[in-house]
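Visitor: Single-letter residue listing:
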Amino acid sequence: MNGEEIIRFERVTKEYDGMVVLDDVSFAMERGKFYTLLGPSGCGKTTILRLIAGFIEPTQGTIYFHGKPIHHVPPNKRQVNTVFQDYALFPHLDVFENVAFGLRIKKMKEADIRQKVSEALRFVNLEGYERRRIQEMSGGQRQRVAIARAIVNEPEVLLLDEPLSALDLKLRTEMQYELRELQRRLGITFIFVTHDQEEALAMSDYIFVLNKGKIQQFGTPKEIYDEPINRFVADFIGESNILSGRMIEDFLVEFTGKRFECVDRGFAPNEPVDVVIRPEDLELVAPGDGQIVIRVDSLLFRGVHYEICGYDENGNEWLVHSTKKAEVGETVGLRFEPEAIHVMRVEREDEGA
Amino acid sequence: MKRTHWWGRVYLLIVFAVMYTPIVYLMYYSFNSGGAMHDFQSFTLEWYRDVLSDDRLLMIVLNTLVIALLSAAIATILGVIGALAIYYVKRQRTKNALLALNNVLIVSPDVIIGASFLLLFTVAGIKLGFTSVLLSHIAFSVPIVVLMVLPKLEEMSPTLIDAARDLGAGPWQVLSSVVLPFLAPSIWAGFFMALTYSLDDFAVTFFVTGNGFSTLSVEIYSRARQGISLSINALSTLLFLFTMLLVIGYYVLSQKGGRMYGIGGRK
Amino acid sequence: MTERAWRNWYLVPYGIWLVLFVIAPIVFLLYESFLDIDGHWTVANYEKVLTPIYLKMMAYSFWYAFLITLVSLLIGYPTAYWLTKTRHKQLWLLLLILPMWVNLLLKVYAFLGLFGTYGLANALLQTLGVGPRQLLFTDFSFVFVSVYIFIPFMVLPIFNALEELPPSLIDAARDLGASAWTTFRRVVFPLTLGGVKAGCQAVFIPALSLFMITRLVAGNRVITLGTAIEQHFLVTQDWGMGATIAVVLMAAMAVIVVLTGTGRKEGSR
Numbered sequence: 001m002n003g004e005e006i007i008r009f010e011r012v013t014k015e016y017d018g019m020v021v022l023d024d025v026s027f028a029m030e031r032g033k034f035y036t037l038l039g040p041s042g043c044g045k046t047t048i049l050r051l052i053a054g055f056i057e058p059t060q061g062t063i064y065f066h067g068k069p070i071h072h073v074p075p076n077k078r079q080v081n082t083v084f085q086d087y088a089l090f091p092h093l094d095v096f097e098n099v100a101f102g103l104r105i106k107k108m109k110e111a112d113i114r115q116k117v118s119e120a121l122r123f124v125n126l127e128g129y130e131r132r133r134i135q136e137m138s139g140g141q142r143q144r145v146a147i148a149r150a151i152v153n154e155p156e157v158l159l160l161d162e163p164l165s166a167l168d169l170k171l172r173t174e175m176q177y178e179l180r181e182l183q184r185r186l187g188i189t190f191i192f193v194t195h196d197q198e199e200a201l202a203m204s205d206y207i208f209v210l211n212k213g214k215i216q217q218f219g220t221p222k223e224i225y226d227e228p229i230n231r232f233v234a235d236f237i238g239e240s241n242i243l244s245g246r247m248i249e250d251f252l253v254e255f256t257g258k259r260f261e262c263v264d265r266g267f268a269p270n271e272p273v274d275v276v277i278r279p280e281d282l283e284l285v286a287p288g289d290g291q292i293v294i295r296v297d298s299l300l301f302r303g304v305h306y307e308i309c310g311y312d313e314n315g316n317e318w319l320v321h322s323t324k325k326a327e328v329g330e331t332v333g334l335r336f337e338p339e340a341i342h343v344m345r346v347e348r349e350d351e352g353a
Numbered sequence: 001m002k003r004t005h006w007w008g009r010v011y012l013l014i015v016f017a018v019m020y021t022p023i024v025y026l027m028y029y030s031f032n033s034g035g036a037m038h039d040f041q042s043f044t045l046e047w048y049r050d051v052l053s054d055d056r057l058l059m060i061v062l063n064t065l066v067i068a069l070l071s072a073a074i075a076t077i078l079g080v081i082g083a084l085a086i087y088y089v090k091r092q093r094t095k096n097a098l099l100a101l102n103n104v105l106i107v108s109p110d111v112i113i114g115a116s117f118l119l120l121f122t123v124a125g126i127k128l129g130f131t132s133v134l135l136s137h138i139a140f141s142v143p144i145v146v147l148m149v150l151p152k153l154e155e156m157s158p159t160l161i162d163a164a165r166d167l168g169a170g171p172w173q174v175l176s177s178v179v180l181p182f183l184a185p186s187i188w189a190g191f192f193m194a195l196t197y198s199l200d201d202f203a204v205t206f207f208v209t210g211n212g213f214s215t216l217s218v219e220i221y222s223r224a225r226q227g228i229s230l231s232i233n234a235l236s237t238l239l240f241l242f243t244m245l246l247v248i249g250y251y252v253l254s255q256k257g258g259r260m261y262g263i264g265g266r267k
Numbered sequence: 001m002t003e004r005a006w007r008n009w010y011l012v013p014y015g016i017w018l019v020l021f022v023i024a025p026i027v028f029l030l031y032e033s034f035l036d037i038d039g040h041w042t043v044a045n046y047e048k049v050l051t052p053i054y055l056k057m058m059a060y061s062f063w064y065a066f067l068i069t070l071v072s073l074l075i076g077y078p079t080a081y082w083l084t085k086t087r088h089k090q091l092w093l094l095l096l097i098l099p100m101w102v103n104l105l106l107k108v109y110a111f112l113g114l115f116g117t118y119g120l121a122n123a124l125l126q127t128l129g130v131g132p133r134q135l136l137f138t139d140f141s142f143v144f145v146s147v148y149i150f151i152p153f154m155v156l157p158i159f160n161a162l163e164e165l166p167p168s169l170i171d172a173a174r175d176l177g178a179s180a181w182t183t184f185r186r187v188v189f190p191l192t193l194g195g196v197k198a199g200c201q202a203v204f205i206p207a208l209s210l211f212m213i214t215r216l217v218a219g220n221r222v223i224t225l226g227t228a229i230e231q232h233f234l235v236t237q238d239w240g241m242g243a244t245i246a247v248v249l250m251a252a253m254a255v256i257v258v259l260t261g262t263g264r265k266e267g268s269r
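Listed in order, the protein sequences are those of chains A, B and C. Per UniProt numbering, the very first residue in the first sequence carries number 1; after that it's consecutive. Per UniProt numbering, the very first residue in the second sequence carries number 1; after that it's consecutive. Per UniProt numbering, the very first residue in the third sequence carries number 1; after that it's consecutive.
None of these hints come from the bench; they were simulated from the model. By construction, the Cβ of each residue, glycine as well, lies at the ideal position given by its N, Cα and C atoms. Honestly, I wouldn't trust all of these hints.
Stated by the list, open to error - Just some of the chain C residues that point at chain B, by a computed CB distance under 8 Å:
1. 6
2. 18
3. 25
4. 85
5. 95
6. 212
7. 215
8. 226
As the list claims (entries may be wrong) - Dumping the calculated BS3-like pairs for lysine-lysine here, alpha-carbon to alpha-carbon at most 30 Å:
9. A:77 with A:107
10. C:197 with B:152
11. A:77 with B:152
12. B:152 with B:95
13. A:214 with B:90
14. C:197 with B:95
15. A:214 with A:77
16. A:212 with B:90
17. A:222 with A:324
18. A:116 with A:106
19. A:222 with A:33
20. A:77 with B:90
Generate the whole structure from the sequences, applying the supplied hints.
Guide: Here it is as structure tokens:
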């Protein structure tokens, strides 16, 4: 880690009524980066957010903020603000008063409040909406009010709890760009929680993939996409073909009963492994030229490409994204480069991240 | 929208005619110089003059209003605190137990409430009169306020409180600038409900009122037991008009409620 | 002060209210029911409750409460149903609620005139050729006035239940081939049963313990449990006996509340 550390979790565990939702998690985050906590519901991502915000306290372990433990610092005293999933805008206050809420608590002067609020509203493109009621705002506008309300307090860390999940697809894509842009302009740390892997890949500097209260993998979007560390990450981060296989030796892996050249090494001879091949890395060729031969079972037109699903002679299912069309029932060959093969250790029950 | 069948409309008309006949009947004969609730003889305001010159009756009206406003105000405060207390109880079983106890006074018949309060005041050595009536009215209004406020509280997204704390609000500020304004419409509804229950109560008051003190309901009862007197009719007409004013006031308030608290959010 | 301390503080005033005005009165009532008129310990009150006089009174009370509830339901359900179909629903609803704001005793008093020998009701009967009848101080007038008083409490919960019913369910039933009547019987009525229960509870319990209507329009003839309690506490001063009847009535009511589900409905007084 080369930047300045802002948040550090050290062996943090959180239990609710004996249920472990966060299991002995340690990590650190730098100032000014865009982090995403990615995982299915119940994986512990929101728990991490609430721990940082201070709404809950860890059962075990320590959380550091600028190197100092921040237990027993109530949420209202933390340099952290949250954008909530349901926005949590105060229905009895108008846009201006919602944004001004934190400043009024700090007993700031009226003139300063006015200036800061209009600045924040300008930042999220909501000039002129000051006196609107929350009920009169659309979903995307409420989203912006929630962001303005958080950033007007100049937090060092902005927590975003699935803030885009209530928006429709088009608006969501727009907001992804805007949020990324906003983070660059503000230069503060964003911690973004989502279960949408595309969102995570598009926006983040770094991604934490979580499952069952543990961090599965940490890395840049590219690292996570290209080199998933296990079956869960590979499956969660995108559509993939995952097959069981055996590492014969360095740079040689066996699956579907055939041996293939690959770029991975460092495994024990004959170690059982999982192999991932992304659907877009598979090329449709004539049956004779294919490393694998499949029989096409179904075909969907996805606009940019066709999504082809078929089975090889061993009954393994293969998913292919191709701009070429194939007919259902047709036999086709599949080709792929050694770089397209990602070899992963098989997950054991006791193995963490 | 679907149209009502003609027999549906006729049915409703009959029901509403029956509902309003007694009230109209009362008001109509309040202008009868004949002195009975039949055979309208000629128009007179004699009974109204009677009512307005009856100092004792006016004193009773004043008592009733003071009891209603005071008890409703205190019950509203207690009820809001009670709703918050129940809301914050985490254990479901404790919560259910509190709710069950809360509802005891709502499902109990007035006679039993009256009798048991009479016992309570006797044991506690509280003299029957203003104090005992006021305490009783507060006591039976509290659970009503709780029931009006609690659903609104449960409806409030918990992230709203988180958001306020996140923005720097301490416990008092969370309460005063988020929770209470959010609850305002239901608090007003609870207050008005308590007010009506107090104004309308007869049975409980009848038990705990003693000799020196009386409210309108009790007074009407003791007069009605002596037979028909058209000054009761005049009084009921006046009360009905007053009630209408209250209802209109309530509707205006509840319509405006949202707006009012939308503007006055600063502290 | 911490968040938790605040939350516990709320329990203090509310808890005091609970203890003083909910728990203590019940305890005193129970205690008093074991005292005779001179303040000595006795179980004679409970023995007396089981004599034919009181058992008959209880039976009467329950029978009349049942009758009042039934009539209220029979009149109230169609009223609520057609109310939801009117065009100015809110206005009609307001008109229904308005009489609830008129002092109960004034409404009862009005019937003294309406049902009197020369009142409107008898005038109507006369034009129909039935001739003047004794209406006041009869069972009929008692039930009629009670239903009149309680009907809004029956209509409101049913109206709310009907309003909450998603219209698509009715469309779905019709779409699946049900006739209007079958739709009502198989879909609408079962789904509004919660409102019906709430309404019945809101009528039955107060109807059990009425005493002012009895005193004013039934001429002391229908002696209900409510009248008996009032009689013992305020007239004969036998508080022990009054308390005993109250305890029995409360026990009966607890059974009813349990049988009809929770008592979490407003407006049941």
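Visitor: Decide, hint by hint, whether the structure agrees.
Guide: Cross-check of the supplied hints:
1. 6: holds, 5 Å
2. 18: For residue 18 of chain C, the interface hint holds, since the closest Cβ of chain B sits about 6 Å away, which is under 8 Å.
3. 25: Result: holds, 3 Å to nearest chain B Cβ.
4. 85: This interface hint holds because 5 Å falls under the 8 Å limit.
5. 95: holds, 6 Å
6. 212: With a minimum Cβ separation of about 6 Å from chain B (threshold 8 Å), the hint on residue 212 of chain C holds.
7. 215: holds, 7 Å
8. 226: For residue 226 of chain C, the interface hint holds, since the closest Cβ of chain B sits about 5 Å away, which is under 8 Å.
9. A:77 with A:107: Roughly 14 Å between the alpha carbons, so the hint for residue 77 of chain A and residue 107 of chain A holds.
10. C:197 with B:152: The given pair, whose Cα atoms are some 23 Å apart, holds under the 30 Å limit.
11. A:77 with B:152: holds, 29 Å
12. B:152 with B:95: Holds. Residue 152 of chain B to residue 95 of chain B sits at ~16 Å (cutoff 30 Å).
13. A:214 with B:90: holds, 28 Å
14. C:197 with B:95: holds, 23 Å
15. A:214 with A:77: Cα-Cα ~28 Å, so holds.
16. A:212 with B:90: Measuring from Cα to Cα gives roughly 26 Å; hence the hint holds.
17. A:222 with A:324: Judged against 30 Å, a Cα distance of about 26 Å means the pair holds.
18. A:116 with A:106: Roughly 13 Å separates the two Cα atoms, so the pair holds.
19. A:222 with A:33: Answer holds: residue 222 of chain A to residue 33 of chain A is near 16 Å, not above 30 Å.
20. A:77 with B:90: Holds, at roughly 25 Å.
Every hint, counting from the list given before, is met by this structure.
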